[in-house]
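Participant: Read off the chains here:
2 protein chains.
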Amino acid sequence: MDAMDALVDALQCLPGVGPKSAQRMVYQLLKSKRQRGLHLAHCLQDAMIKVQACEKCANYTEGALCRICSDPARADRTLCVVESAADIVAIEHSQTYKGCYFVLNGKISPLDGLGPEEIGLPKLRDRVEHENIEEVIIALPTSVETHATYHFIQKILAPYAVQLTQLAHGIPSGGDLEYLDGYTISSALKNRAALNA
Amino acid sequence: MDAMDALVDALQCLPGVGPKSAQRMVYQLLKSKRQRGLHLAHCLQDAMIKVQACEKCANYTEGALCRICSDPARADRTLCVVESAADIVAIEHSQTYKGCYFVLNGKISPLDGLGPEEIGLPKLRDRVEHENIEEVIIALPTSVETHATYHFIQKILAPYAVQLTQLAHGIPSGGDLEYLDGYTISSALKNRAALNA
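Chains as they are written, first to last, in this note's numbering: chain A, 115 to 311; chain B, 115 to 311.
It is possible that some hints are incorrect.
Which copy? The list can't say, so a pair holds if one copy fits it or any two copies do.
[Unchecked claim] Below are the PhoX-like pairs computed for lysine-lysine, each with C-alpha atoms no more than 25 Å apart in a straight line:
hint, residue 1, residue 2
1, Lys145, Lys269
2, Lys304, Lys212
3, Lys145, Lys164
4, Lys304, Lys147
5, Lys134, Lys147
6, Lys237, Lys269
7, Lys212, Lys134
8, Lys237, Lys164
9, Lys134, Lys164
10, Lys237, Lys212
No lab work stands behind these hints, which were simulated from the structure alone.
This structure is a prediction, so every number in the text was calculated from the model and none was measured.
Let the hints inform the model, and build the full structure from the sequences given.
Facilitator: Structure, rendered in structure tokens:
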């Protein structure tokens, strides 16, 4: 296989890139962006080798601890449990949460061989036990696997005096009732709040 | 800037990739595709360095001559003039053309400092003069700059006994009249063909 075909093939490991768009990328890089292409190759190699999981929360970092775990201004008695490091970016973007995180290694899925150990729940228990954690906020999307994950987190943390909470379910900002699923609307009705309180 | 931010930035040199999709790509590569990410970095570097312009036609190649120019089965008395090497892929895909190619370095555009010399017309003249070219097919998209390019090609090849042709203009296969522009429809009407010939 020649270098161009190999590159068209390799680009398809990127999400959303198929054969047609990969080919367009290759021709455009070769035509007028060779320096930027070489720079991209360098950055890619760099990130794939240097970026590792934070020792405490499994967020991505180049050092031993991530930016958040090593920030003394963060409230380290509150942990927010997320499914992937990408979710941290979204939560940080909201600028509301000042605690720390714990990234699960996926969600419970017996068919894929992912049990409580595999997704890192023992490590979560250790942190709760040794770091005087006061609240664990579960911030996982709603799905069948997530329900199993909730269940195991509750079970594993039962012996500790820690408050377990989950993100509120309801209508998203800008969400049009017409297009929302039944489960979301039923959650929003169940959790309705008093206006004249 | 850390390695992840640098990669999110660098990925945006790819056509159709903005900040959001670049971030999604980085997280997905880090999560489960590190080996493929490293392979992509390698292929990218390889292609950016090795792939050069064919000495005869300026198509992309890793050797001195491209696959087409070095194929003795191709009719080397016919040249098809295209605007970019990517157009060769599309024409080859149609499996109708058995001649050779000549890739222009863009199109005439005085505002961008691109005159006949810059886009490589003297080289086209040299090939016509020294290689007994019998037909030059102009396969450029229709635009104001292309008209200027046509004009210069005609002028530069006027002294030689070479047939100049251009691709037929008309309705594309599957093209819906309702959505076609006036110029295309007027070309299709002007060049209409007899059915009972």
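Participant: Each hint should be assessed against the structure and marked as holding or not.
Facilitator: Hint check:
1. In this assembly of identical chains, the alpha carbons of Lys145 and Lys269 never lie at most 25 Å apart, being 58 Å within a copy and 27 Å across copies at closest.
2. Neither within a single protomer nor between protomers do Lys304 and Lys212 lie at most 25 Å apart by alpha-carbon distance, with minima of 28 Å and 70 Å respectively.
3. Proximity of Lys145 and Lys164 under a CA criterion of 25 Å is satisfied inter-copy only: 13 Å between copies versus 30 Å inside one chain copy.
4. Proximity of Lys304 and Lys147 under a CA criterion of 25 Å is satisfied in neither setting, with 55 Å inside one chain copy and 41 Å between copies.
5. In the homo-oligomer, the alpha carbons of Lys134 and Lys147 lie at most 25 Å apart both inside one protomer (19 Å) and across protomers (21 Å), since each shortest distance falls under that limit.
6. For the homomeric pair Lys237 and Lys269, the shortest alpha-carbon distance inside one copy (14 Å) is at most 25 Å, but the shortest distance between copies (77 Å) is not.
7. For a Cα distance limit of 25 Å, the shortest separation of Lys212 from Lys134 across copies, 24 Å, qualifies, whereas the shortest one inside one copy, 43 Å, does not.
8. Taking the shortest Cα distances, Lys237 and Lys164 sit within 25 Å of each other inside one copy (23 Å), while across copies they are farther apart (48 Å).
9. In this homomeric assembly, Lys134 and Lys164 come within 25 Å of each other (Cα to Cα) only across copies, at 22 Å, whereas the closest approach inside a single copy is 31 Å.
10. Taking CA atoms no more than 25 Å apart as the test, Lys237 paired with Lys212 passes inside one copy only; the shortest distance there is 21 Å, against 65 Å between copies.
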